[in-house]
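Protein chains: 2
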Amino acid sequence: MTPDAIAALDRADPLASKRAAFDLPEGVIYLDGNSLGALPRHVPARVADVVSAQWGERLIRGWNDCGWIDLPARVGDRIARLIGAPQGAVIAADSTSLNVMKALCAALEMRPARHVILSDTGNFPTDLYVAQGVAARYGAMLRTVAPEAVDDAIGDDVAVLMLTEIDYRNGRKHDMAALTAKAHEHGALTLWDLAHSAGAFPVDVTGAGADFAVGCGYKYLNGGPGAPAFIYVAPAHQNAIAPAHAGWMGHAAPFAFEHDYRPADGILRMTVGTPSIIGLAALDAALDVWDGVDLRRVAEKSAALGDLFIAAVERSCPELRLASPRDARARGSQVSFHCADGYAVMQALIAHGVIGDFRAPDLMRFGFTPLYTRYAGVAEAADRLATVLRDGVWKLPQFQVKAKVT
Amino acid sequence: MTPDAIAALDRADPLASKRAAFDLPEGVIYLDGNSLGALPRHVPARVADVVSAQWGERLIRGWNDCGWIDLPARVGDRIARLIGAPQGAVIAADSTSLNVMKALCAALEMRPARHVILSDTGNFPTDLYVAQGVAARYGAMLRTVAPEAVDDAIGDDVAVLMLTEIDYRNGRKHDMAALTAKAHEHGALTLWDLAHSAGAFPVDVTGAGADFAVGCGYKYLNGGPGAPAFIYVAPAHQNAIAPAHAGWMGHAAPFAFEHDYRPADGILRMTVGTPSIIGLAALDAALDVWDGVDLRRVAEKSAALGDLFIAAVERSCPELRLASPRDARARGSQVSFHCADGYAVMQALIAHGVIGDFRAPDLMRFGFTPLYTRYAGVAEAADRLATVLRDGVWKLPQFQVKAKVT
Numbered sequence: 039m040t041p042d043a044i045a046a047l048d049r050a051d052p053l054a055s056k057r058a059a060f061d062l063p064e065g066v067i068y069l070d071g072n073s074l075g076a077l078p079r080h081v082p083a084r085v086a087d088v089v090s091a092q093w094g095e096r097l098i099r100g101w102n103d104c105g106w107i108d109l110p111a112r113v114g115d116r117i118a119r120l121i122g123a124p125q126g127a128v129i130a131a132d133s134t135s136l137n138v139m140k141a142l143c144a145a146l147e148m149r150p151a152r153h154v155i156l157s158d159t160g161n162f163p164t165d166l167y168v169a170q171g172v173a174a175r176y177g178a179m180l181r182t183v184a185p186e187a188v189d190d191a192i193g194d195d196v197a198v199l200m201l202t203e204i205d206y207r208n209g210r211k212h213d214m215a216a217l218t219a220k221a222h223e224h225g226a227l228t229l230w231d232l233a234h235s236a237g238a239f240p241v242d243v244t245g246a247g248a249d250f251a252v253g254c255g256y257k258y259l260n261g262g263p264g265a266p267a268f269i270y271v272a273p274a275h276q277n278a279i280a281p282a283h284a285g286w287m288g289h290a291a292p293f294a295f296e297h298d299y300r301p302a303d304g305i306l307r308m309t310v311g312t313p314s315i316i317g318l319a320a321l322d323a324a325l326d327v328w329d330g331v332d333l334r335r336v337a338e339k340s341a342a343l344g345d346l347f348i349a350a351v352e353r354s355c356p357e358l359r360l361a362s363p364r365d366a367r368a369r370g371s372q373v374s375f376h377c378a379d380g381y382a383v384m385q386a387l388i389a390h391g392v393i394g395d396f397r398a399p400d401l402m403r404f405g406f407t408p409l410y411t412r413y414a415g416v417a418e419a420a421d422r423l424a425t426v427l428r429d430g431v432w433k434l435p436q437f438q439v440k441a442k443v444t
Numbered sequence: 039m040t041p042d043a044i045a046a047l048d049r050a051d052p053l054a055s056k057r058a059a060f061d062l063p064e065g066v067i068y069l070d071g072n073s074l075g076a077l078p079r080h081v082p083a084r085v086a087d088v089v090s091a092q093w094g095e096r097l098i099r100g101w102n103d104c105g106w107i108d109l110p111a112r113v114g115d116r117i118a119r120l121i122g123a124p125q126g127a128v129i130a131a132d133s134t135s136l137n138v139m140k141a142l143c144a145a146l147e148m149r150p151a152r153h154v155i156l157s158d159t160g161n162f163p164t165d166l167y168v169a170q171g172v173a174a175r176y177g178a179m180l181r182t183v184a185p186e187a188v189d190d191a192i193g194d195d196v197a198v199l200m201l202t203e204i205d206y207r208n209g210r211k212h213d214m215a216a217l218t219a220k221a222h223e224h225g226a227l228t229l230w231d232l233a234h235s236a237g238a239f240p241v242d243v244t245g246a247g248a249d250f251a252v253g254c255g256y257k258y259l260n261g262g263p264g265a266p267a268f269i270y271v272a273p274a275h276q277n278a279i280a281p282a283h284a285g286w287m288g289h290a291a292p293f294a295f296e297h298d299y300r301p302a303d304g305i306l307r308m309t310v311g312t313p314s315i316i317g318l319a320a321l322d323a324a325l326d327v328w329d330g331v332d333l334r335r336v337a338e339k340s341a342a343l344g345d346l347f348i349a350a351v352e353r354s355c356p357e358l359r360l361a362s363p364r365d366a367r368a369r370g371s372q373v374s375f376h377c378a379d380g381y382a383v384m385q386a387l388i389a390h391g392v393i394g395d396f397r398a399p400d401l402m403r404f405g406f407t408p409l410y411t412r413y414a415g416v417a418e419a420a421d422r423l424a425t426v427l428r429d430g431v432w433k434l435p436q437f438q439v440k441a442k443v444t
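Residue numbers (our numbering), protein chains in the order written: chain A, 39 to 444; chain B, 39 to 444.
One or more hints might be untrue.
Copies of the same chain look alike in the list, so a pair counts if it fits in one copy or across any two.
Said to hold, decoys possible - For lysine to aspartate or glutamate, the following DMTMM-like pairs were computed, each having C-alpha atoms within a straight-line distance of at most 25 Å:
| hint | residue 1 | residue 2 |
| --- | --- | --- |
| 1 | K440 | D379 |
| 2 | K433 | D51 |
| 3 | K220 | D242 |
| 4 | K440 | D108 |
| 5 | K442 | E338 |
| 6 | K56 | D345 |
| 7 | K220 | D87 |
Hints are computed from structural coordinates only; laboratory data are not their basis.
Okay, chain A solo, but in the shape it has when bound (with noise of 0.2 Å):
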């Protein structure tokens, strides 16, 4: 594609003006917004005034007068629409890990007489983990299979199916409706993770069927670096559940201070411990990005994004193999390649301004955020990785050297 059709995109690109919103370093490619969102523009301002207006004039008279105790509720609710949730059915609250734990306590308990969570190898694996400390503590097991596989895995000794929808290595997309039918048909609950989901496409969790579903605060939420997370519970299954992480925020009188638990009515029976205010109030500010957006947009442009990144790389760096779905319904927003110096080679295109990430075994990976990624910027990456490879330059010591976080 000529630089000429490249520009035209971005001239006929509905979301082009959503760029203006974000604060991105100069002369910086940013295809990291799958592992932290960039920041945006208006998120320091509220930040400053929920540390110095709130917290620092208005103390403990900000938990009513700043609405700081319906914040888990309030993020939760504008976190639905993107997840095609009814209100009243998503908080925002803790990590994704603890609200994998949340959601396997619960589906466990509801499915008493099975003691399988199915899920697979290509999962995230926090939700692993987590999965096998409760699987031991409740008499269950973890079982995983490969992805492809899931399907068939299905059974009817299988208590709840945990899926993370989209990849996080390769961005392969799992059909949540059909697989959620399946398990439906076999009795069994799901969860689904939409860390890699949520802001980057439509998704429909009450059309899913899906039981239990959470996501994470950071990535195309853009919520800042550890934002809350949030979890779903299908309004039918809310009251059903006696939580396993029972805390006071999730009582139905938290300031009556009662001797024992009673779980508060619905999605806030979630809530454990006091919420991390600040974070909360960057991820509420951050989500004004998506007022008005159609999430529809979002899905078409990262297809055209990626289906740009895969035909400009293949043709430039032909020693690169797609690790990713090439039909774009097939992916997230996301491509991957395989790369056997893939470590060395991203720092090295890190270096020349385009931040993608690694993931070990030899995985360079690059996300793309339909909110302010442009066609431009997609082409010019492609470019810096193809003369990355070719001058060799990855090959530098200081580009060999391993950091702690990749």
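With the hints as your guide, set chain B onto chain A.
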């Protein structure tokens, strides 16, 4: 005590200069730092730096470049000094409730033949709720006795003695060393909630031989609303724990993305999901005010502030009955009074510029945070309380309306 004598106390206060480290609203006497600590003056700039310069500019590189990945341990090590723990025995993570849960699961698994969690009715309710939730899953039971009956209730069936050192209602202080020794004589473990201890007076978890401790980042540590909490595990126990809350941040190699959970060495295994970096950064910055502070001076001033307040209130408000221990050695850094109309009286008092809080059914609670509370403020607070009671202003309808958070 005369105004001159009180002014002399403030002039002689070795902690007086610390007040300038806090940004306190004009005209407010803040006696609720035991619920939410005040804003240290330098925190807004540090938070702004994390948001705009670290997140905004470094993006995903912040995990390495800005040391985000080490924040839970680094902040934990700073808290360690305040509670008498060695380095590498405390991490800052999640909420106090969740840390109680981690510790209880570990304790019950370390004492598999025992089935009793022993606590008291003066424990903060969320600790009891968590224990109820955990007990139900482990075939254990939560046994609660009156605070003064704890010592006698420690028997050979107790797996873990779970207590909050300072009663959130009246400030009564448990003898951590003696009760821990008694528990150990009976083969039980101990879990101490230091929510109202850390930063209020010297704590010595090592000297007391505590097995587990948890505490709060947003009270005396001034980390901001919903700041990350902390957990301490005695070094001898750390590597014996197979965490029930198994997540990637507690994995031996989080970025190897292994399929199976392998706990990290030491205290790090008590971390679970991705931590709130903005929240941790605010707490980290807030801890700067403790540099060079001798906690013995803090405890002395706390006792003197409480004694002054009790004397002043008892003289000018004879209708109020002291709910706290009169002997400062037997109480934490707060004083409570019984008052049948306490909710409305407190609302009226807050409207008159003195912020304390109310705890059902009839407690007016006043916290004394020695780093930013003046003797003159405490005397003035007692005066204003007397005025509110004498004028009957608290009978106005606006002070009867129950707020969501009390």
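Which earlier hints turn out false for this structure, listed by number in ascending order?
Hints 2, 5, 7 contradicted; others consistent.
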